[in-house]
Structures are given as C-alpha cells and as structure tokens.
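Turn these sequences into a full structure, and let the hints guide you.
Protein chains in written order, with full-length UniProt numbering: chain U, 1 to 336; chain Y, 1 to 336.
Any given hint might turn out to be false.
Intra- or inter-copy, both count: the list cannot distinguish identical chains.
[To be verified] Derived SDA-like pairs (lysine to any residue); straight-line CA-CA distance at most 20 Å:
1. K65 x C19
2. K197 x E62
3. K176 x F12
4. K197 x K250
Since the hints were made in silico from the structure, they are not lab data.
Number of protein chains: 2
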Amino acid sequence: MEKRHGRQTVGFQGDVRICAYASVAGQKEKEGPLGECFDIVMPDAEWNEETWEKTESKMQKEVLKAALRKAELKSEDLHYILAGDLLNQCIGAGFGLREMEVPFLGIYGACSTMIEGLSLGAMLIDGGFAEYAAAVTSSHFCTAERQYRMPLEYGGQRTPTAQWTVTGAGAVILAKQGAGPKVTHITTGKIMDMGVKDANNMGGAMAPAAFDTLCAHFRDLGRGPADYDLILTGDLGVIGREILIEMMEKEGYDISKNYQDCGCMIYDREKVDVHAGGSGCGCVASVLCGRILEGLRQKEWKKVLVIGTGAMLSTTSSLQGESVPGIAHAAVLSAE
Amino acid sequence: MEKRHGRQTVGFQGDVRICAYASVAGQKEKEGPLGECFDIVMPDAEWNEETWEKTESKMQKEVLKAALRKAELKSEDLHYILAGDLLNQCIGAGFGLREMEVPFLGIYGACSTMIEGLSLGAMLIDGGFAEYAAAVTSSHFCTAERQYRMPLEYGGQRTPTAQWTVTGAGAVILAKQGAGPKVTHITTGKIMDMGVKDANNMGGAMAPAAFDTLCAHFRDLGRGPADYDLILTGDLGVIGREILIEMMEKEGYDISKNYQDCGCMIYDREKVDVHAGGSGCGCVASVLCGRILEGLRQKEWKKVLVIGTGAMLSTTSSLQGESVPGIAHAAVLSAE
Chain U
1 MEKRHGRQTV
11 GFQGDVRICA
21 YASVAGQKEK
31 EGPLGECFDI
41 VMPDAEWNEE
51 TWEKTESKMQ
61 KEVLKAALRK
71 AELKSEDLHY
81 ILAGDLLNQC
91 IGAGFGLREM
101 EVPFLGIYGA
111 CSTMIEGLSL
121 GAMLIDGGFA
131 EYAAAVTSSH
141 FCTAERQYRM
151 PLEYGGQRTP
161 TAQWTVTGAG
171 AVILAKQGAG
181 PKVTHITTGK
191 IMDMGVKDAN
201 NMGGAMAPAA
211 FDTLCAHFRD
221 LGRGPADYDL
231 ILTGDLGVIG
241 REILIEMMEK
251 EGYDISKNYQ
261 DCGCMIYDRE
271 KVDVHAGGSG
281 CGCVASVLCG
291 RILEGLRQKE
301 WKKVLVIGTG
311 AMLSTTSSLQ
321 GESVPGIAHA
331 AVLSAE
Chain Y
1 MEKRHGRQTV
11 GFQGDVRICA
21 YASVAGQKEK
31 EGPLGECFDI
41 VMPDAEWNEE
51 TWEKTESKMQ
61 KEVLKAALRK
71 AELKSEDLHY
81 ILAGDLLNQC
91 IGAGFGLREM
101 EVPFLGIYGA
111 CSTMIEGLSL
121 GAMLIDGGFA
131 EYAAAVTSSH
141 FCTAERQYRM
151 PLEYGGQRTP
161 TAQWTVTGAG
171 AVILAKQGAG
181 PKVTHITTGK
191 IMDMGVKDAN
201 NMGGAMAPAA
211 FDTLCAHFRD
221 LGRGPADYDL
231 ILTGDLGVIG
241 REILIEMMEK
251 EGYDISKNYQ
261 DCGCMIYDRE
271 KVDVHAGGSG
281 CGCVASVLCG
291 RILEGLRQKE
301 WKKVLVIGTG
311 AMLSTTSSLQ
321 GESVPGIAHA
331 AVLSAE
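Right, here's the structure in full:
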C-alpha cells in the first residue's frame, strides 16, 4: 500500500499526465481578467440551442471535442469519461456526451466535480485500467438560476454573500505518459457539515471542507504552504476565501501569500456586479483548463495545489431546513 | 495494459473481494418473494423521520453501518465511499453519509449506480489505492414519485409499462483480500440513446444499453451466456426483460435459460399491483446485497454476471422533449 499517504492522500508512482485541456466560457467571463484565456467563447447564453439546458449539454460536448483535438486523439481512444454537473440527474453530462460512444462514469461532487473526475481519472490511469481518460464538467448561469433559485424573469434581489454561477466548462485528458502537467498526488475530501443553513452563503458553507482537506493534505504528506507556488480553491468567493485564510492561520499555516480562488479570479468585481464572486462546476473547470494548466505548461508555476469545493445541497434539502454540507477534493499538479 | 480486455472490459489481477454486504427494504418489498432475505426491513415509509428524503438518507446510513458491522470494520477503516442516488443533487447519499468521516466520491449512474460504485471501488482496490472501499445506493418509492412524477396525494393513474420504484438500499464493502465473493471483471457501459421518449417505459429505454454492454462483455472476453450460472439485470422489468432476450437472440445469444431481472424478482406481481415490476437504484442494490451475494457465498451459483441499468433522464429533459438515454454497467462475481 505504498501508494497511500496517511488517511486521505494517494501518490502516483507512474507518470500521470494531463496531455490536453480545453475551456468554454460565456460573454460575462470573457469580459473578466481571464477573458483571453478560454479556448471557446460562447456568442451568447443560448449558443444556437432552444433551451439553456441543451446549451449546457453542448458546452460539455464542445469542450471535450476541443480537448480531444488538442490531444490529437479521437473519442474512441478514451477508455473512460468521468463527467457530471449541477443539473438534476446530471443531464448536462448525460445528454452532452451521449454521442461520444465512450465508457461513461457519471460523477456528482457539486462544484468539486472537476477535481473529483481528475482524481478518479488519475487513479484509473495509474492503476493500469486506462491509457486515456477524460474528466469533464460545466455550469451555466441560466440553468443554475432556474433550477436552484428563481426564474430569471422574476428579477430577484441577491444577497451580498451570494455568488454568480459561472457559465463555463472544462475538460482534461489524462494520459499514461507523454508531455503536459503531471498529476502527482490527490487528497480526497470527506463531507463536512458545520451547520451553515444559508444557501446564499456557499463560500461560508464550503470553507470548512476546503480547510479540512487542505490540513489533511499537509498532514498526510508532511508539507506546508511553501511547498506550492500556488494554492487554488474552486469557488469559495471573496467571503469563503477570507474564512479559509483565517481558519488556516489559526491552525498555524499562512496561506495568504500564495493562495487564490477561481471564483475571485474570473470576474472583475469592480466592473460587474457578481457580489461575492464566481461559483459553479464551471468556475474551477474553466479557470483550471483556461489559465492554470497553461501556466504550468509554460513553467510560470512549478507546483500547484488545486482544491475543488462543492456544496452538497438541493432545493429540497434547503426547504426541509437542512444545513449545507461541503466537500473539497485536492490534486497536486506539477510542471515537471 | 494487460488488465484491459477489448474496448470496455477490465479484469482484476489481484484478489478483489466483497467482504460484506447489507440490504434495507420496505414493507412492500418484504411481502415479495425475497422478503426474508433483507437485513433490515423498515417499519413503514417514514422510519421515524420527518420527511421521506430524510428517511432515504437514513437508509444509506443504516445500510452502510450494517455492512460495516458484518465486516467487523469501522468507518475509519474505509479509504473511500462511492455513493449516489436518484434524488436531485444526490442528497440521499450526501446527507446520509456525512457523519461517516470517510473520503467521499459522489457518483451518478441513475439506477446503475450500485454497479458503477462497485466497478470504481474494485478498480481503486485493485489499483492499490485502497484496502477497503464501500459502494452504497438507495431509492425510496415516495421520494421518487414526488420528484419525478406526481404528489402521492394526487393518486395519478399509472400506465401499464410503468415500473414501481423499490424502497430499498444496498451496501457492499470491497476488500483487497480475504473471504467473500470475488469481483473478477467489470464492463463499463456507454450512454445509449435509441430515441425512446416515453418516460413511463424505462425498461424499453434501458434495454438497448443492457444489450450493448452485454454484447461488449461477451465480445471483450470471448464468452457467452453459458459461462454464467446467472445473468442478472437491475431493473428492466417485465417489458425490458423481454426486449433484451429478443435483442440478444437476434445477435445469436440465447440468454432465456439463465437470465433474470431484479425488477421482476422483487415483487409478487400476482399479489401487488406494480405493473411492469420494480425499478430504482435500490432495486438491484437490495436484490444484489439481500439475495445474490448470499447465494454466491453459499455456492448456490458459482459465477454471476450482474448488469446495473440506468435511465439518464430528468423531469426537465422530458419536459423539453428529450429522449431517455440509457446506461448499463456489468460486473462478474465469482463464488471462488
């Protein structure tokens, strides 16, 4: 069992590479600081589809096709696709990827889905079960609002702690060898429930999960913040990010120097009114696949710890007075 | 890559065992032919909870606890839990398993979730990433009706092709070695969409997926129906079962002698009015964990091929006129 480190972390002995990656983003995301980084920018929220749900399915299909093109692979080269999204019964992935004809493993990790897929895919590669595997996810502002909150036409007020669901998607192709950033370790998170009941404060609900996974990661590997050029969370937003910095500080870790959050990076909050920042499966997916993996490829960073963060609620659980459990999965990405 | 067989199948070189398993079932399931097989029978649909969704969460928690007791393990011995269900955002698993404090990988394969979890868990064990991993799933008639169909109070008529969602749950504990039925191969299914649009004929929608996976399994391993004492699908029901037998016959395979479907086994259709039989994540889960694994342990069968079948629809996709894609994942279970 020498692949295991401590309770939650495994290290890969073989060479697990991200041989290609691609991103899709919407117009609002294009206007942000990372606007130039995305492979495909949608012309509008519909992208020639009749419903936003069909648009989100198209995002999953097109982002995977773009990643396959960059890898110079065909879908039949993939041994597995690991994919999911926020829509009820994960229809973004199910309908979007149905024509790929690839063995399909549906996953649901809320907004941690990208890193859950990357983690599972890396284990399937390193375990000798696949030569190539893809991890795909997406979110769409309009499908998320309609499903989780209010019809867009209602024009509801947003609370200051609310975040803005990113319209975006990302796909990575994992490979047994070759070029591209390397996945060296993963730390799989437990479900953490600190009793936060405000579904409009997801950052606050997810921060304890990110904290728990980050501490487990450092503990399992005997590492600290200085071992990474960049520590990145998925979508804690402005409020969750501050909470995580404080929680880590109390634990004796200063992450303030090299820590960022995709939800804080994707929008220019001076220009657009997104309150506490971006969120959604597509937030970490589009930032990872649009900006971070390219930065690793170009050796801008040598070692990045990315932590996908998810809130495991549904409208039914909130209506029934339940709290919002969080989950966070981490992966170490290396330029070497 | 000698673990791989053909396009969709992998074989395990190590010893992957199901060291324990447990099942939960409702009153209607207790009255069926397998009524004596389940570990826990719920006193009623509520099981002392305020809402049916909380009951379903309790089912996941209790079934995993029962399996851990039988394995003489604690939750901290588990390296991973793979779990999901039919509820929006998989809240049955998320809320039910939050107190386990085990690294959690959420999965969504509709009613194929049990076999998806078993497949992934077996790969994580054989890949050297875990010593013990659990796969858990559930369904509940009342949560499924309220979410997918009509409020129960409405008393809607059911079409003759409709199936009855099983109130049941199952958990398996996978182990790197030891006693218990062995998992020798898995065949992971592709999403199959033959254009069936009737959400009240799930068996018809899922049969082509079961057909595709079964043919892939036979092709990948050079096997045929005679290599198994029992071939078992998850929840095709009476109609889907007939379709699968016919489709296989046209392909040159006679499965009529040793093929059964959990949805046909779980209820006594002479006595209770379940139309085309049982369905839901809990159908294959409770039958597998209540009856089949015990039969393997007692050498009633030597080799069983179990195929979890799922329909990847949501109420939104149906309202938008989409068809019902199906998926099917297979696993070979051996008594030796």
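Structure-based check of all given hints:
1. K65 x C19: within (14 Å within a copy, 41 Å between copies)
2. K197 x E62: So K197 and E62 fail the 20 Å test inside a copy (36 Å) and across (25 Å) alike.
3. K176 x F12: both (11 Å within a copy, 19 Å between copies)
4. K197 x K250: neither (24 Å within a copy, 55 Å between copies)
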